[in-house]
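Participant: Residues in the sequence shown are numbered from 2 upward in steps of one, following our numbering.
Calculated directly from the structure, the hints in this document are not laboratory data. Incorrect hints may appear among the rest.
Restricting the straight-line Cα-Cα distance to at most 25 Å, the calculated cross-link-like pairs of lysine to aspartate or glutamate (DMTMM-like) are [stated by the list, open to error]: (1) 260 <-> 244; (2) 260 <-> 195; (3) 94 <-> 74; (4) 260 <-> 178; (5) 246 <-> 279; (6) 260 <-> 74; (7) 260 <-> 250; (8) 94 <-> 81; (9) 260 <-> 279; (10) 260 <-> 100; (11) 246 <-> 159; (12) 260 <-> 159; (13) 246 <-> 211; (14) 246 <-> 181.
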Amino acid sequence: MRSLLVLASIVSWPPDLTTVLLAVAVLLVLALAWPMLLRWNRERPIRQLLGRVATETGAITCFVRGMFVPANEFFSRAPEYPPRPGGGVTVHKWANIPEVHSASDVRALAQLLQLLAATNHRLTFSCQSGDWTRQSWNDDAFAIGPHYASQLTLDTCEPRLVTFRYPAAFRSLVSQDVFETRAGWDYGLIYKGEHPATHRACWVVMGLGDLGTEAAAWFLRVNARMLGLFTGSRPFAAIVAVDSKRGRDAAILRWLQPKPSWWRRFLYRRRWQQLRGEAEGRVVTT
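Could you build all of it, start to finish, from the sequences and the hints given here?
Facilitator: In structure tokens form, the structure reads like this:
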């Protein structure tokens with residue numbers, strides 16, 4: 002009854018006052034919705050790039066190279082304790098260590114986990130050795146570093162866009178391009194494909210060298226939004242180049258397949274130049 006009385010009183014107000022109140026209500030709704038719309042639009046390219054990894058609750062498997070020595074014995078150095086003037090270092094022996102991982106692979110893994118955790122907090126992660134033991138390919142997976150899991154993903158998943166050629170080269174399967182380490186440059190690969198049977202997303206983040214692996218992971222985390230503007234939700238392969246003297250933060254896009262449509266490159270021209278280092282004059286010609 003009270004609601005009907007309020008409605009009747011509003012209707013009985015002068016038309017000008019009713020219009021003002023409606024306009025204020027509309028403005029308030031827009032003011033509250035606008036930040037959410039901006040955030041949704043900003044994150045949309047990242048969600049498209051990552052696919053269901055960014056939107057669904059699920060498990061992510063990360064495959065990292067496992068390394069060992071025959072006796073599983075490792076050594077570490079630490080300052081002598083308790084410290085004393087003129088003291089040196091103490092060498093500790095660690096026995097029965099089942100497995101260790103490359104520092105570059107671990108740093109690359111950390112970059113990927115930052116991106117995935119910031120995009121979708123409902124994901125669960127597990128790390129396994131590079132020895133590929135699963136047969137069903139039921140989980141979305143990231144293979145990090147140049148090892149068997151990475152090569153198997155490139156050879157099995159679709160589309161086949163690039164391959165790793167031993168000892169240190171990436172060869173395009175859709176063009177004549179070949180990328181080799183030379184003249185102080187290393188290269189990293191970011192590949193997104195899917196298994197033909199399960200249609201689960203399979204990623205490869207690897208370099209020809211340790212720096213290339215770190216640079217590829219760093220590039221994916223920092224430029225995920227801009228990269229998503231040019232790839233959308235499609236599978237793709239991107240190769241980044243990095244100057245060994247400048248480190249991973251200097252990585253730039255060298256090659257991207259499928260090639261973005263002309264209208265995307267025109268519409269996002271500044272971002273395309275930024276990814277390729279053209280804005281800073283860092284185009285790689287080797």
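Participant: Where does the structure disagree with the numbered hints, that is, which hint numbers, in rising order?
Facilitator: Violated hints (numbers, rising): 6, 10 and 11; every other hint is consistent with the structure.
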